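Those protein sequence lines, which keep their order, are chains A and B.
Numbered according to the numbering used here, the first sequence spans residues 1 to 272.
Numbered according to the numbering used here, the second sequence spans residues 1 to 415.
These aren't lab readings, by the way, just hints derived from the structure by calculation.
Note that the structure is a prediction, hence the values are computed from the model and not measured.
Yeah, the Cβ is synthetic: ideal placement off N, Cα and C, and Gly gets one too.
Honestly, I wouldn't trust all of these hints.
Footprint (simulated), chain A over chain B, 3 or more residues, beta carbon under 8 Å [claimed, not checked]:
#: 1; stretch: 46-60
#: 2; stretch: 113-122
#: 3; stretch: 229-238
#: 4; stretch: 273-287
Computed Cβ-Cβ distance ranges for the label pairs, DEER-style [said to hold, decoys possible]:
#: 5; chain 1: A; residue 1: 80; chain 2: B; residue 2: 285; range: 28 to 36 Å
#: 6; chain 1: A; residue 1: 134; chain 2: B; residue 2: 285; range: 32 to 40 Å
#: 7; chain 1: A; residue 1: 104; chain 2: B; residue 2: 369; range: 51 to 59 Å
#: 8; chain 1: B; residue 1: 131; chain 2: A; residue 2: 232; range: 42 to 50 Å
Listed below are the simulated DSBU-like cross-link pairs for lysine-lysine, each with C-alpha atoms no more than 35 Å apart in a straight line [what the hints assert, rightly or not]:
#: 9; chain 1: A; residue 1: 104; chain 2: B; residue 2: 229
#: 10; chain 1: A; residue 1: 104; chain 2: B; residue 2: 414
#: 11; chain 1: B; residue 1: 302; chain 2: A; residue 2: 104
#: 12; chain 1: A; residue 1: 104; chain 2: B; residue 2: 65
#: 13; chain 1: A; residue 1: 104; chain 2: B; residue 2: 181
#: 14; chain 1: A; residue 1: 104; chain 2: B; residue 2: 394
#: 15; chain 1: A; residue 1: 104; chain 2: B; residue 2: 153
#: 16; chain 1: A; residue 1: 104; chain 2: B; residue 2: 239
#: 17; chain 1: B; residue 1: 65; chain 2: B; residue 2: 153
#: 18; chain 1: A; residue 1: 104; chain 2: B; residue 2: 281
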Amino acid sequence: MSYGLTLIYGVMKIVNLAHAGVMMWGAYFAFVLITRLGGNPFLAPIVIVPVFFVFGMFLQRYVVRRVMGAPPISSLLLLFGVWLIMQNISYLIFSGDTKAITTKYTLLTFQLAGIPVSVNRMVVFIVGILALLALRQFLGHTYMGKAIRATAQDSDASKLAGINTSRITEIAFGIGIALASLAGSLMALIFAFDPDFGRSHLLKGFCIVVLGGLESMIGVALGALVLALAEALSVLWLMPAMQDFVSFALLVIVLIVMPGGMKGLVDRFFSK
Amino acid sequence: MFKINKILLTILVLIISFILIPAVGFGQASTTPPKEIILGAALPLTGGQSREGGYVNKAYAMALKEINDAGGIMVKAYGKKIPIKLIIYDDKSDNTTSVQLYEKLVTEDKVNALMGGYGTPLITAHTIVAEKYRVPYVNGGGATGAIYQRGMKYIFCVISSIEKLSFTLMDWIALQQNAGKLKKPLRIALMGENTSHGKEFRQGVLDKSKAAPDRFQVVMDEPFELNLKDADPLLQKVKAANADIYLADARLADYVTIHRRYTEMNLYHSIVSYGPRGPEKAARDALGPASDYIISCNWWNKDIPAAPSKAFAEKYQKTYNEPAEWFAATAYEAFRVMAKAIEDAGTLDKTKIRDAMAKIDMKNSLVVGGRVWFEPNGQINNDHLIMQNMPGGKVVIIYPKDVATAQPILPIPKK
Numbered sequence: 001m002s003y004g005l006t007l008i009y010g011v012m013k014i015v016n017l018a019h020a021g022v023m024m025w026g027a028y029f030a031f032v033l034i035t036r037l038g039g040n041p042f043l044a045p046i047v048i049v050p051v052f053f054v055f056g057m058f059l060q061r062y063v064v065r066r067v068m069g070a071p072p073i074s075s076l077l078l079l080f081g082v083w084l085i086m087q088n089i090s091y092l093i094f095s096g097d098t099k100a101i102t103t104k105y106t107l108l109t110f111q112l113a114g115i116p117v118s119v120n121r122m123v124v125f126i127v128g129i130l131a132l133l134a135l136r137q138f139l140g141h142t143y144m145g146k147a148i149r150a151t152a153q154d155s156d157a158s159k160l161a162g163i164n165t166s167r168i169t170e171i172a173f174g175i176g177i178a179l180a181s182l183a184g185s186l187m188a189l190i191f192a193f194d195p196d197f198g199r200s201h202l203l204k205g206f207c208i209v210v211l212g213g214l215e216s217m218i219g220v221a222l223g224a225l226v227l228a229l230a231e232a233l234s235v236l237w238l239m240p241a242m243q244d245f246v247s248f249a250l251l252v253i254v255l256i257v258m259p260g261g262m263k264g265l266v267d268r269f270f271s272k
Numbered sequence: 001m002f003k004i005n006k007i008l009l010t011i012l013v014l015i016i017s018f019i020l021i022p023a024v025g026f027g028q029a030s031t032t033p034p035k036e037i038i039l040g041a042a043l044p045l046t047g048g049q050s051r052e053g054g055y056v057n058k059a060y061a062m063a064l065k066e067i068n069d070a071g072g073i074m075v076k077a078y079g080k081k082i083p084i085k086l087i088i089y090d091d092k093s094d095n096t097t098s099v100q101l102y103e104k105l106v107t108e109d110k111v112n113a114l115m116g117g118y119g120t121p122l123i124t125a126h127t128i129v130a131e132k133y134r135v136p137y138v139n140g141g142g143a144t145g146a147i148y149q150r151g152m153k154y155i156f157c158v159i160s161s162i163e164k165l166s167f168t169l170m171d172w173i174a175l176q177q178n179a180g181k182l183k184k185p186l187r188i189a190l191m192g193e194n195t196s197h198g199k200e201f202r203q204g205v206l207d208k209s210k211a212a213p214d215r216f217q218v219v220m221d222e223p224f225e226l227n228l229k230d231a232d233p234l235l236q237k238v239k240a241a242n243a244d245i246y247l248a249d250a251r252l253a254d255y256v257t258i259h260r261r262y263t264e265m266n267l268y269h270s271i272v273s274y275g276p277r278g279p280e281k282a283a284r285d286a287l288g289p290a291s292d293y294i295i296s297c298n299w300w301n302k303d304i305p306a307a308p309s310k311a312f313a314e315k316y317q318k319t320y321n322e323p324a325e326w327f328a329a330t331a332y333e334a335f336r337v338m339a340k341a342i343e344d345a346g347t348l349d350k351t352k353i354r355d356a357m358a359k360i361d362m363k364n365s366l367v368v369g370g371r372v373w374f375e376p377n378g379q380i381n382n383d384h385l386i387m388q389n390m391p392g393g394k395v396v397i398i399y400p401k402d403v404a405t406a407q408p409i410l411p412i413p414k415k
């Protein structure tokens, strides 16, 4: 989810509040594919990701593009509205009932060094790593990826270099949305969900993005790791109910002390 | 002289008018029966609480039809039965909208009394309107005791508090200790969502443990945030606590998330309970056999063998072609309680209806214990039902004894 937020912010400089809605729709899409149509839970993303990629491109072309260049509040409000519409459509179709996906893998565990490890969680973790690697490969070694990076760095210079930046932003938005839907479809294997699903993940996603350094994919991965460790270890000294406090305190500290995030820190370390 | 007589005559006419108008005009109004008694409610028919709100809506419609088919409510002041008109709005599960709609019901629709919605946050918000305008109000869907601890006089509730829920649960556990099914003292791992609901649940368990240290020792007590993303840290604490029983209070989504992880971590306790959660079909589907033997506390169940409950469950099934859930049963009962309070008051005077409600003693009720009455704070204080999930998706009632349908299986079998 955070990769998608970072990609969209990097290229278009907009904060996509509709990301939570896309994640929620990804979860419902997986629910329908797996429980109603009998699809394989781990193969469902193969269908979901392309569908949402197209949806993302469509959203960018016909909705988001209209506020490109407008003050940031316009895109924020617009995408917040899109999120509300998505939520209400889900309420209409699925009601407010809590849904969960149960498969033969749910609750299945294996022992790793004496620790029971959930098969579902392990698959989600592996897919998360694979997504990062694939994204890195795509951005670093393909023409399209390089064009996206170039547009993120300097849109005007990219235009002068012959890059169709309109097309690039459309594709980048599509990829960001596809990544959010991938997150939703995988999270649905672990968590129960309803149309409000994604709200708290969106906030954590922002923390991770800021922690990672706003426009760096590796920074995001590092940010997620740091945040997860901070939350998990904080329980040793603080109440579990304070986990959100830890995340947001970290966000404030990073914004004040280390505005470049993890990426800035790593860059500074290697430049010495 | 003529002028003086004219002035005197005018004054005389005015005095006679002042004397006659209240006697004839208003007196006549008080004896002219209204066409209908207007009740109103704002329910969460869409949004996050739409499922529960839908049940409440259906239950109100069922109770309304029953009463109106019998001619309405007998109001002594008019010497006749008056039918009810029920106005329902959709609050979209939103607190602000709920408050606005209750204001509208009172100020524009001029309701005689208000029926409640569903859910602690909504009810906490909109009950202020009922109290502000002194309109009698009763609900069957907001159990949190904090709602009724605000010194309000016009607010009533036919389901007992969450604190009482933990009292009932702890009393039942003590009975199992007495029966030799559980050891003494029991080490308890306790946790609950960081809301007034969760706090009351935890407080109830803590109070009972303090009162009986020879029976209960709380070795872990933790709140957690709603919409939990990672239950691992909490459950690591549960594991480290090395408790005998595990008691938690959680909403449906958190219950599923936590208990999935609980099962994956191979944890085991002699009793596992998530407070009111446990028998819901969505959770049983999501958890499969992992939800077997979970103990839950609730306000009603369609399998209660008492006649009023059976009659309601059958009628609801027949009317809506779906089994009744507790939200529907308690909403239906709330509606009947309001009708009885109006009948007992014998008038549509709001204060008198409120007074009648405060003194109500309704027998043959479908609530646990078969009787509705209210504590001075406006909330009922009856026992809860205790149920246990059984393999194959079954749920049995194990307490109170008079409505139990099976014996509990304790300690719960290791998987």
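Do the hints match the structure? See the list:
1. With 7 residues bearing a CB less than 8 Å from a CB of chain A, the stretch 46-60 of chain B meets the requirement of three and the coverage assertion stands.
2. Requiring three or more residues with a Cβ within less than 8 Å of a Cβ of chain A, the coverage given for the stretch 113-122 of chain B is violated, as only 0 such residues are present.
3. Check result for the stretch 229-238 of chain B against chain A: holds, 7 residues qualifying (beta carbon to beta carbon below 8 Å, three or more required).
4. For a cut-off of 8 Å, the count of residues in the stretch 273-287 of chain B with a CB near a CB of chain A stands at 5, and the three-residue condition holds.
5. Against the hinted window of 28 to 36 Å, the Cβ-Cβ separation of residue 80 (chain A) and residue 285 (chain B) comes to about 33 Å, which satisfies the hint.
6. Between residue 134 (chain A) and residue 285 (chain B) the beta carbon distance is about 34 Å. The supplied range of 32 to 40 Å therefore holds.
7. Distance hint check for residue 104 (chain A) and residue 369 (chain B): the Cβ-Cβ separation is about 44 Å, which falls outside the suggested range of 51 to 59 Å.
8. Residue 131 (chain B) and residue 232 (chain A) have their C-beta atoms about 45 Å apart, which keeps the hinted 42 to 50 Å range intact.
9. Proposed proximity of residue 104 (chain A) and residue 229 (chain B) is supported: the alpha carbons are some 22 Å apart, at most 35 Å.
10. Between the alpha carbons of residue 104 (chain A) and residue 414 (chain B) the distance comes to roughly 20 Å, so the proposed pair stays at or under 35 Å and holds.
11. A distance of roughly 31 Å separates the Cα atoms of residue 302 (chain B) and residue 104 (chain A); the hinted pair therefore holds under the 35 Å criterion.
12. Restraint check for residue 104 (chain A) and residue 65 (chain B): the C-alpha separation of about 46 Å exceeds 35 Å, so the hint is violated.
13. Annotation: proposed proximity of residue 104 (chain A) to residue 181 (chain B) holds, straight-line Cα distance about 34 Å (limit 35 Å).
14. As the CA atoms of residue 104 (chain A) and residue 394 (chain B) are separated by approximately 21 Å, the hinted pair is consistent with the 35 Å bound.
15. Distance restraint check for residue 104 (chain A) and residue 153 (chain B): the Cα-Cα separation of roughly 53 Å exceeds the 35 Å cut-off, and the hinted pair is therefore not satisfied.
16. For a cut-off of 35 Å, the pair hint linking residue 104 (chain A) to residue 239 (chain B) stands: about 26 Å separates their Cα positions.
17. The suggested pairing of residue 65 (chain B) with residue 153 (chain B) holds, with an alpha-carbon distance near 29 Å, which does not exceed 35 Å.
18. Distance hint between residue 104 (chain A) and residue 281 (chain B) is fulfilled; the C-alpha atoms sit about 18 Å from each other, no more than 35 Å.
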